[in-house]
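**Student:** Sequence:
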Amino acid sequence: MYIYIYIYIYIYIVYASIDRIINPQNPDAYWMLSISFLGIALNGIGVWKLKSGKSMNKQVMMIHLLEDALGWVVVLVGSIVMLLFDVPILDPILAIVINLTVLVFAMHKLVQALKILLQKVPKNINLPELRQKILCRDKVKDVEHLHIWSLTEGKAVVTVHVIVSDIRLLSDASAIKGQIHVILSDIDTDHINIDLKSSDR
15 MYIYIYIYIY IYIVYASIDR IINPQNPDAY WMLSISFLGI ALNGIGVWKL
65 KSGKSMNKQV MMIHLLEDAL GWVVVLVGSI VMLLFDVPIL DPILAIVINL
115 TVLVFAMHKL VQALKILLQK VPKNINLPEL RQKILCRDKV KDVEHLHIWS
165 LTEGKAVVTV HVIVSDIRLL SDASAIKGQI HVILSDIDTD HINIDLKSSD
215 R
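End of the sequence shown sits at 215 in the numbering used here; the numbers just go up one at a time, nothing left out.
Bear in mind the hints are in silico, worked out from the structure with no lab data behind them.
The hints are all genuine.
Simulated pairs of lysine-lysine, DSSO-like, Cα-Cα distance not exceeding 30 Å:
1. 63 / 123
2. 134 / 65
3. 191 / 153
4. 169 / 211
5. 147 / 137
All figures in this text were calculated on a predicted structure; none of them were measured in a lab.
All chains should be built: construct the whole structure from the sequences, respecting the hints.
**Tutor:** The following block contains the structure:
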């Protein structure tokens, strides 16, 4: 819902900016200069507070604030130029550039969020290769339902059902799980669930 509102706002700003290019109007450069300092300060404080966040939400918020801060830097530079030179079309041109840049970043983050929601396998993980490595372990007969997906950006969840034979002691089960954990150790995981099933039953 919110993404549609943002896209509508971006489109409207671009449309209004194009109209301002066709029909130039002198903006209040002094007001732009004053408000840009406030925008840079407030967004800069927000970025500083969120920079250590690891979750997707905090990263998205930090990037959004950083984009805003950079946008206000552009407004600051633009207002100084307009105070020195008579270039009224600079204001709508900057508005178009800033909004298109923010839109590109927003769509990039939207794609990342959709990959997490759809439980897409991270691009650096080779499922068939991992499955084969597990099958090569002693007493492993089959591997079922090997699933790996991103819970948060950079953190994966792993679930796997492993069919084993000749498991009589708890220590044997622990040893097999330990071997599988070693195989999965190269993956930055948030949670691993290994379910062992005996083929003798």
